[in-house]
Every structure is written in C-alpha cells, then in structure tokens.
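Mind docking chain H on chain S? Use the hints.
Taken in order, these protein sequences are the chains called S and H.
All residue numbers for the first sequence refer to this note's numbering, where the first residue is 32 and numbers rise by one.
All residue numbers for the second sequence refer to this note's numbering, where the first residue is 32 and numbers rise by one.
Hints were generated in silico from the structure; no laboratory data involved.
Be a bit skeptical, because a hint or two may be false.
Identical copies look the same in the list; a pair holds intra-copy or inter-copy alike.
[Claimed, not checked] Straight line, CA to CA, 20 Å or less: simulated EDC-like cross-link-like pairs of lysine to aspartate or glutamate:
id, residue 1, residue 2
1, 33, 282
2, 157, 226
3, 108, 87
4, 298, 237
5, 108, 186
6, 157, 52
7, 33, 110
8, 157, 186
9, 108, 272
10, 33, 186
11, 298, 243
12, 298, 170
13, 298, 247
14, 33, 87
There are 2 protein chains.
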Amino acid sequence: MKIGVVGLGLIGGSLALSLRDRHEVTGYDVDEAARRAAASDGIRIVATLVDLLPADAVIIATPIAAVVPTMERLSAKSDGAVLLDTGSLKRGVSRYAARAPADSRIVGGHPMAGSTSAGFSAADAKLFHERPFLLVPTERSDDRAMAIAGTVVRDAGALVTVCSADVHDRAMARLTAAPLAAAAALSVAAAQIGDLVSVAGPGFRDSTRLAETPTELAIELLFGNAENARAAITSVIEALDQLRTSLDREDRDYVRSFLEAARSVRKELS
Amino acid sequence: MKIGVVGLGLIGGSLALSLRDRHEVTGYDVDEAARRAAASDGIRIVATLVDLLPADAVIIATPIAAVVPTMERLSAKSDGAVLLDTGSLKRGVSRYAARAPADSRIVGGHPMAGSTSAGFSAADAKLFHERPFLLVPTERSDDRAMAIAGTVVRDAGALVTVCSADVHDRAMARLTAAPLAAAAALSVAAAQIGDLVSVAGPGFRDSTRLAETPTELAIELLFGNAENARAAITSVIEALDQLRTSLDREDRDYVRSFLEAARSVRKELS
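Here chain S stands alone, though its shape is the one from the complex:
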C-alpha cells in the first residue's frame, strides 16, 4: 500500500520505520529538523502535507491538538485514503468525523506503546511489537477503512483491539489519568516527611514514576478528558476510603479480599 505519515516524532517515526519494508511509505513533518532526521534514515520525505496524497492511508501522528486541523486539511482531497490518527484520546476525532466530508474515511487509533524519549531519534521499528493498538471506528469508518487500518496496525507488529470512542476515553481515564493523579498525590503526601523521602525504595519509585510526566502532557491527559478523569479519580478516592474504613474497624478479612481483587486485575495485564 501507499502510506503517508504526518508527524515524524517517536510514534510517527516508529510507524514509518516498521512499515517501510512492506509498503511504500512517505513522510512529512512541519519541523525541518525532523524531516531531515527521517530523510537521513531513508524515509522518503515530501515537501508539503498534501503531497502525502494520493495514498491508501495517511497516519496522523502529530501532537493531539494538531490532529483534527490536519484531518480537516487532508479530508477534502483524500479521495478515499484512510485517515488514521494516533492520539491518546478519541472523542475529538470521533466528533470531527461526524462532520467530515461524506466520502472521507476516518479511523481513530491509539498505540499502547511509548518511551520516555521523544523525537525521530528515539524512533524504533520494534516499538509496537506485540503491543496493543486500539482502533476506534467513527461515522466515517466503512469496512474498507477498518480493513486498511487493521493492516497498517498488524504490519507495524501491533495487536488490534477495537472499541468505541466513549469506551476508549473512559478506559484511558482509568489506565492513565487516575494513575497520574495517584502518583502526584502520593508524592505530595510524602513531602510531609521531609528529607526522609530520599530513603524511598523501589515500591515508592514505581508508584510515583508517572509524576514525571511532562507537565503539559499531564494537563492534557486530565483536562482533555475531564469528565472521565473526574469519575476515575472519584473511583480511586472511594476505594481508598474503603481501605481506610476497614483499617478503622480492624476488618482484616475485608482488606484481604480487597487486595485479592486488586491482584486479580494485575493478572489480566497482557
């Protein structure tokens, strides 16, 4: 297939590298340095966004705020090309699709892979290997669109999971926004012990690692999905309150069953 990639950072760059052996891949980035880095690694670069068309699929791996504007620029001329984004929230793309040209093809995507590094220099053809990659059908996703998006994902080495935009955004609030909030809350609560925080062992380090999320990304994860994030944080508060109450009434049996329920969730992680 002919596949365009917009945004040659960690995600877009890794997709381009993982797909180029089986497909005709072209890339574009608004940043000249990113274009040069990708070109020096053998990615064919085009001069403007719309030069990625015609194509079977265009992957939109820009920062999340640029996804819908990029789709708007492409969709009028896309001539059946599947527009597949990679943002971590899906309601925005889903809403855009509802008002996009009737003949456009739009599928939401979210690869569950990443790295603390950013930019094309961190890109890795194996980044998605056997990692989940969520696909979210929109009002502009016909069978052909889903089939092409599925091929892109599988040829990148990832595993397809399909769900709706609402289910996706609700799940992400539990899997990313709530853990981020808990990591920050644990850190702030630990500040009250002063210097002794420096003796923390690996458990505390793991539990608070997400507090290192770049601030603007963290704010986007919380405010970009505010209603779901609020519900997820409320669930965590309620669960902590149950533990606290059972400490108060010395109810070891309740705590034991609570811990066993938690452990069974951990067992479901792939």
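For chain H alone, kept in the frame of chain S given last:
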C-alpha cells in the same frame, strides 16, 4: 568484630555474606533447610540461638512477628552485645527496649533494600550497596551501641540514616503503606473497564506493581502501622480531592503547581 545473624533469609543472608570478609560471622535459623543453604555457602552455623553469644552484635533478621520474642530470649544473656533488628516497622522494638534488661543494648534497624525473591538462595552480598539503612536509637541505645550498629551497616555497604521510631513509622506509612493502598485502589477502580485493562501500558503497570505484594505482608504493613497508615491514606485522598476540585473549576494553574510540587518530591529520591 564477632557478629551473629538470626534469620538467614534474603536480608539476614545478604548481611552475613556482606560482612563475613571483615568480621567473624556466625548464623542461625529455625529452619534446617535455611541453615544448610547458608552452611553450603560457607557461613558458620551454630546449633541454637543462644550459641550466637557472646558477640559484639547480633542481627535479628527474622519475620517481624518473631523480632521481639527473639530479643527477649537473647537480651538476658547478651552481656553487652548490640541487638540490631531489620524489621520494616520500629515501634515494637522501641517499646520492647523500654522494658528490656537495663544492661542490654538494643538498636532498631531498617535496610531500604529488597527484592521480590525470598530466602537464602536470593541473598546477595551487594544487596545493601549504597542503599539507605535506617538506624533507630532506643532507650537501650548508648553511644557504644550506636557506634557498633553504624559499623555493621557501613561494612555491609549501606548508608546510615538515624531517626526516631515515631518518625520512622510515620515515614514508612507514606513510603510503603500509602503506595500499596493506592496501587490496590487503582487496580480495583480499573476493574470497572473490564477486558480493556489488558491493554494497559507501562505507566499503569508501574503504578499498580505494589498490588502484587504478598497479601499477609501487605496486611502487616497496613494493620501493623494502622494509625500512621490511616493518616497517610487520608493525605492521599485529600490530595486527589484537590486535583478533582481543580478539574471541576477548570483551574489549570492549580494543577500545574500541584504537578510541579509532585515532581520536586521525585527529584529528592536518591
């Protein structure tokens, strides 16, 4: 010095291995298999607990429930030997010391190192290398006791931090009990998304890793330090509630300063 070690599991075994080059180390464990494993690794084993005496120091690295009973058996005959335990809570030892024979020497210890493996087979002479090792003076800790305990810790490769039993147990509630509670609460809250929990990325995995703590150890960390654990969980709930409230009022500035406060705590980790 002559140093005895009771309890030849991960911690006691690692201390014995790390100290034997510089000191005359003897070991004892109630479990015959543990005694044999240590003997086959060249640790000199004695037949009964009190055969560890006379000594300059006896390290008590038993499960936490056995620490005070072991001290009771040793202290009448200890003849000045420093009894140093390695349990993760310090109030029990501190209280015992207050009623121990007047001529006994007792220091609380807590190495901030560990592993998910257990037993002498997991012991490692480098386990404590440059890790913090908290020392807690008791009513039976004179200068000589603290000096000997300090030498043991430094010769095991660890870094001494001294604090009171109260400060220690309060700090541990923030560094271990609260993260454990948060990990369990995040897992339980995530169960509400059903199968999608299986797509969780590394952030969720790190945040919930402590939910894998063996259940009986987790219950001991919570109920053995219930008052401090309760206060720590309350602090985390309050911090989460502040985040939730600022989401409701769309106060990005507050969230930004909250996240920056959290990040500055992470920076203090050694």
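Checked hints:
Taking CA atoms no more than 20 Å apart as the test, residue 33 paired with residue 282 passes in neither setting, with 62 Å inside one copy and 44 Å between copies. For the homomeric pair residue 157 and residue 226, neither the shortest alpha-carbon distance inside one copy (41 Å) nor that between copies (25 Å) is at most 20 Å. In this assembly of identical chains, residue 108 and residue 87 lie within 20 Å of each other by CA distance solely inside one copy; the values are 13 Å within and 84 Å between copies. In the homo-oligomer, the alpha carbons of residue 298 and residue 237 lie at most 20 Å apart both inside one protomer (18 Å) and across protomers (14 Å), since each shortest distance falls under that limit.
Within a single copy, residue 108 and residue 186 get their C-alpha atoms no closer than 26 Å, and across copies no closer than 72 Å, so neither meets the 20 Å cut-off. Taking the shortest Cα distances, residue 157 and residue 52 sit within 20 Å of each other inside one copy (13 Å), while across copies they are farther apart (46 Å). Taking the shortest Cα distances, residue 33 and residue 110 sit within 20 Å of each other inside one copy (13 Å), while across copies they are farther apart (83 Å). Proximity of residue 157 to residue 186 under the C-alpha cut-off of 20 Å is restricted to the intra-copy arrangement: shortest distance 11 Å within a copy versus 44 Å between copies.
Taking the shortest alpha-carbon separations for residue 108 and residue 272, neither the intra-copy value of 54 Å nor the inter-copy value of 47 Å comes in at or below 20 Å. For the homomeric pair residue 33 and residue 186, the shortest alpha-carbon distance inside one copy (13 Å) is at most 20 Å, but the shortest distance between copies (64 Å) is not. Taking the closest pair of Cα atoms, residue 298 and residue 243 come within 20 Å of each other only across two copies (9 Å); inside a single copy the shortest separation is 26 Å, beyond that limit. With identical chains, the CA atoms of residue 298 and residue 170 are never at most 20 Å apart, being 35 Å at best within one copy and 46 Å at best between copies.
For a Cα distance limit of 20 Å, the shortest separation of residue 298 from residue 247 across copies, 18 Å, qualifies, whereas the shortest one inside one copy, 32 Å, does not. For the homomeric pair residue 33 and residue 87, the shortest alpha-carbon distance inside one copy (5 Å) is at most 20 Å, but the shortest distance between copies (76 Å) is not.
Violated hints for the displayed structure, listed by number in ascending order: 1, 2, 5, 9 and 12.
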